[in-house]
Every structure is written in structure tokens, then in C-alpha cells.
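Undergrad: So for the sequence shown, UniProt numbering puts the first residue at 1; every next one is plus one.
None of these hints come from the bench; they were simulated from the model. Treat the hints with care, as some may be off.
Once the Cα atoms are required to be at most 25 Å apart in a straight line, the calculated DSS-like pairs of lysine-lysine come out as [stated by the list, open to error]:
hint : residue 1 : residue 2
1    : Lys-2     : Lys-70
2    : Lys-7     : Lys-87
3    : Lys-2     : Lys-93
4    : Lys-56    : Lys-87
5    : Lys-80    : Lys-47
6    : Lys-47    : Lys-87
7    : Lys-56    : Lys-70
8    : Lys-47    : Lys-77
9    : Lys-2     : Lys-56
10   : Lys-7     : Lys-47
11   : Lys-87    : Lys-70
12   : Lys-87    : Lys-2
13   : Lys-70    : Lys-47
14   : Lys-47    : Lys-73
15   : Lys-93    : Lys-80
16   : Lys-80    : Lys-2
17   : Lys-7     : Lys-70
18   : Lys-93    : Lys-7
19   : Lys-93    : Lys-56
20   : Lys-70    : Lys-80
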Amino acid sequence: MKAIFNKVVIAQSEHPVVIEGNYYFPLESVNIDYLSETSHHSTCPWKGEASYYTVKVNDEISENAAWFYKNPKDAAKEIKNHVAFWKNVSVEK
Numbered sequence: 001m002k003a004i005f006n007k008v009v010i011a012q013s014e015h016p017v018v019i020e021g022n023y024y025f026p027l028e029s030v031n032i033d034y035l036s037e038t039s040h041h042s043t044c045p046w047k048g049e050a051s052y053y054t055v056k057v058n059d060e061i062s063e064n065a066a067w068f069y070k071n072p073k074d075a076a077k078e079i080k081n082h083v084a085f086w087k088n089v090s091v092e093k
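Could you put the whole structure together from the sequences, leaning on the hints where they help?
TA: Right, dumping it as C-alpha cells:
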């Protein structure tokens, strides 16, 4: 699977974790140079608190378009050190 933004592959993995229809890419498969952490957070009752990244490729920006769980709850421990994408980031095979 690949995460693509502004025609650039920003993450690629043969084994992303799929939860609730979202693909969580292992951190080592993500080009972190395109991400910058924001102050935005949200809470999932069973996964815990999510933190967000803004995605920037060249001059194209999508705020809070990637999220991750620094300290997921036990039920979601498989997505620790993983990043998921949404908004203008497409996930494709």
C-alpha cells in the first residue's frame, strides 16, 4: 500500500495495519520529511489520544492529514509507531 499526496509517495508498506477501514503505516515506512506535528489532538474511546501531522509536499499543504497514537491503549497496541492518513492523502495499492 502507498500513501500519496501531491503525486508523491509519502509512505509505502506491504503490511500496514488496517483498523476501521484506515491503513496504519509503520513509522519506518513513512517519509517523515513531509510531516510536521501539530498541536491538534482527538480521543478515541478504545485507541486513546491521537496526535496529528500536517502533510506538506512541495508547496501543497494538508493540515492534520495524518494521525498517530503515541501511547495507544492496550486494545490498540498494534498501531503504536504507525501513522494513518486522510483528507487529501490517497491510500492505494
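Undergrad: Going back to the hint list, which numbers does this structure go against?
TA: Result: hints 10 and 17 break, sorted rising.
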